[in-house]
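Chemist: Now for the letters of each chain:
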Amino acid sequence: MRNDKACEERWGCLNDLADGRLVGRKRSRLEAHIESCERCREALEEIRNIKSKVRQTEAPHAPDGLWGRCMGRIADRPARQAPFRWRRKPAVGVAAACLAAAAALVLSIGPFSVHDEDEIPHDHYVMEHAGFAAAQPLDMSSHHILLSAQGAENDRRNPDAESLETPNDAPNTHVR
Amino acid sequence: MGALIAAQAGARTPAAAPPSAVDWLKKNVRAPTRTSYRAAETITVTVGGRVLRQRLRLVHRAPESTSWTYLSLQGKVERIVVDSQRSHWQYLPRRGQIIFSPSFPVDQELWQERYLGRLLENYTVRDAGKTLAAGRPARLLVVAPRSGHEGPTKRIWVDAATWITLKSILVSSDGRTTVASELSGLRVEKTIPAAEFAPPANAKKQTVIYERAAVLPLPALARQWRHPLLVPHDLPRGYSLESARLLSRGRRSFVHLRYFDGFNVVSLFEDVSSSKPPVSRSRRDDSIHGGPAVWHSYPPFHSLSWREQGLKLTLMGDLPRRSLLGIADGVRRVAR
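Chains C and R are the protein sequences, given in the same order.
Here the first sequence is numbered in the working numbering, starting from 1 and rising by one per residue.
Here the second sequence is numbered in the working numbering, starting from 1 and rising by one per residue.
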């Protein structure tokens, strides 16, 4: 039976393997595993594809402080301007597990983190902070922040994606 | 002899003590592992008098699979998130895209072993009695900071039969923000087909892989970090270091020190970038060690950024402003 957890633990080393930075017994053990595990093989292939695509692409830069501006709008917008589209990304989250996983999404070394920037965006800190909180069974306040920050991070890294800042004609949230 | 046995058989066994508030809390944390259900959920965030609301459809299959469908005001599906504690995916119908990523399982036993004690040191858990929520008999629990402790307050309406959270309200430590969640139309089901948690087959797939950074002792972190390592010396009572990690984003490294009181998190980030804090109208200027600092609100928590010893420091957490300023003021360098 495939051991998903063991595979996920190995994924941390796949980037090093793809970059040729993994050596010795670690490398041979991982290569032996990959030969017998389709899931890890696909993951490695995906990393290699992504790296190759990223090398060919100029890194996009989203406006600095996207998250801050969005939250500023929430805090500052007069109530009469309702309905206000709060976020069209993951919006308000509810469960610790899925939200913590969302943090993983944006902290990844996968398609997103191979991208390089001169600075670490504030949103990245927000996600790091909220990720742990959201994984606590009693927490719920961090969920919507985490998912929104993830949305902002995705926007930054995927400039073609719909922006958090763009008002939407089909709001999923509103201000009363 | 026969009479003695008859007397013993007729004697009433002592009644078991009723569950305490903490027992209810433990049951509530374990509830998702034992009950499958469907419900509608509404999440409401109130920031400074403004109310923001999100509607979801929730399906949970015990012990570990949950699906959240985010709905627009018109009831249109905007996003589906599914987590099985082993895997996680999000489907974005508008983009026809599905994103797979590893799951971060919630470990109820670990929480009980590792964090419950700390929570009880810093917060009281009170049974506020029987009540109704979502049209069902419930128990109202109140988790509130102990006298002199700073942190948020949470009220949880626990379903008397299934221990599921029917409703909850969180009030930030400064009392300015509330996050509320409420179920309606709860339907407990014996079995929910696994197929309901299967990803759509025809979506564009993307897989995200991440690397967990090791938790390091502070001296080891100070050696690995090629810059001064600064740590807070004046934390509010009850908060202690939970983890210290050296992380990277692209080619940039940064330090994340995480402090925890069993319920509330405070983070300190350190990096060498020259980036400016985000620009927003929630920004206000402050001062740390006589130098400029910038304050932002990310309801229900806040951030404070300033420069010190060539580093950009960012403090985050749900604490009142004066407390975050006090922590920032007490940041000192760690010897290697």
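Think of the hints as simulated: they come from the structure by calculation, not from any bench.
Remember, predicted model here, so these are calculated numbers, not experimental data.
The beta-carbon is built from N, C-alpha and C at its ideal position, and this holds for glycine as well.
Don't take every hint at face value.
[Unchecked claim] Listed next, the stretches of chain R that the computed footprint assigns to chain C, with coverage defined by at least 3 CB atoms under 8 Å from CB atoms of chain C:
#	region
1	248–261
2	293–303
[Stated by the list, open to error] Once the Cα atoms are required to be at most 25 Å apart in a straight line, the calculated SDA-like pairs of lysine to any residue come out as:
#	chain 1	residue 1	chain 2	residue 2
3	C	Lys26	C	Asn49
4	R	Lys26	R	Lys205
5	C	Lys26	R	Ala214
6	R	Lys26	R	Pro200
7	C	Lys26	R	Ala62
8	R	Lys26	R	Ile80
9	R	Lys27	R	Lys205
10	C	Lys26	R	Ala220
11	R	Lys205	C	Lys26
12	R	Lys26	C	Asn49
13	R	Lys204	C	Lys26
14	R	Lys205	C	Glu46
Chemist: Against this structure, judge whether each hint is valid.
Modeler: Here is how each hint holds up against the structure:
1. 248–261: holds (count 9)
2. 293–303: This one holds; 7 residues, not fewer than the three required, reach chain C with a Cβ under 8 Å.
3. C/Lys26 with C/Asn49: Between C/Lys26 and C/Asn49 the Cα gap is close to 23 Å, so the pair holds against 25 Å.
4. R/Lys26 with R/Lys205: This hinted pair is violated, its Cα atoms lying about 38 Å apart.
5. C/Lys26 with R/Ala214: Measuring from Cα to Cα gives roughly 17 Å; hence the hint holds.
6. R/Lys26 with R/Pro200: Distance of about 35 Å is beyond 25 Å: violated.
7. C/Lys26 with R/Ala62: violated, 37 Å
8. R/Lys26 with R/Ile80: Roughly 29 Å separates the two Cα atoms, so the pair is violated.
9. R/Lys27 with R/Lys205: This hinted pair is violated, its Cα atoms lying about 38 Å apart.
10. C/Lys26 with R/Ala220: OK: C/Lys26 and R/Ala220 at ~23 Å, within 25 Å.
11. R/Lys205 with C/Lys26: Cα-Cα ~29 Å, so violated.
12. R/Lys26 with C/Asn49: Cα-Cα ~46 Å, so violated.
13. R/Lys204 with C/Lys26: violated, 33 Å
14. R/Lys205 with C/Glu46: holds, 11 Å
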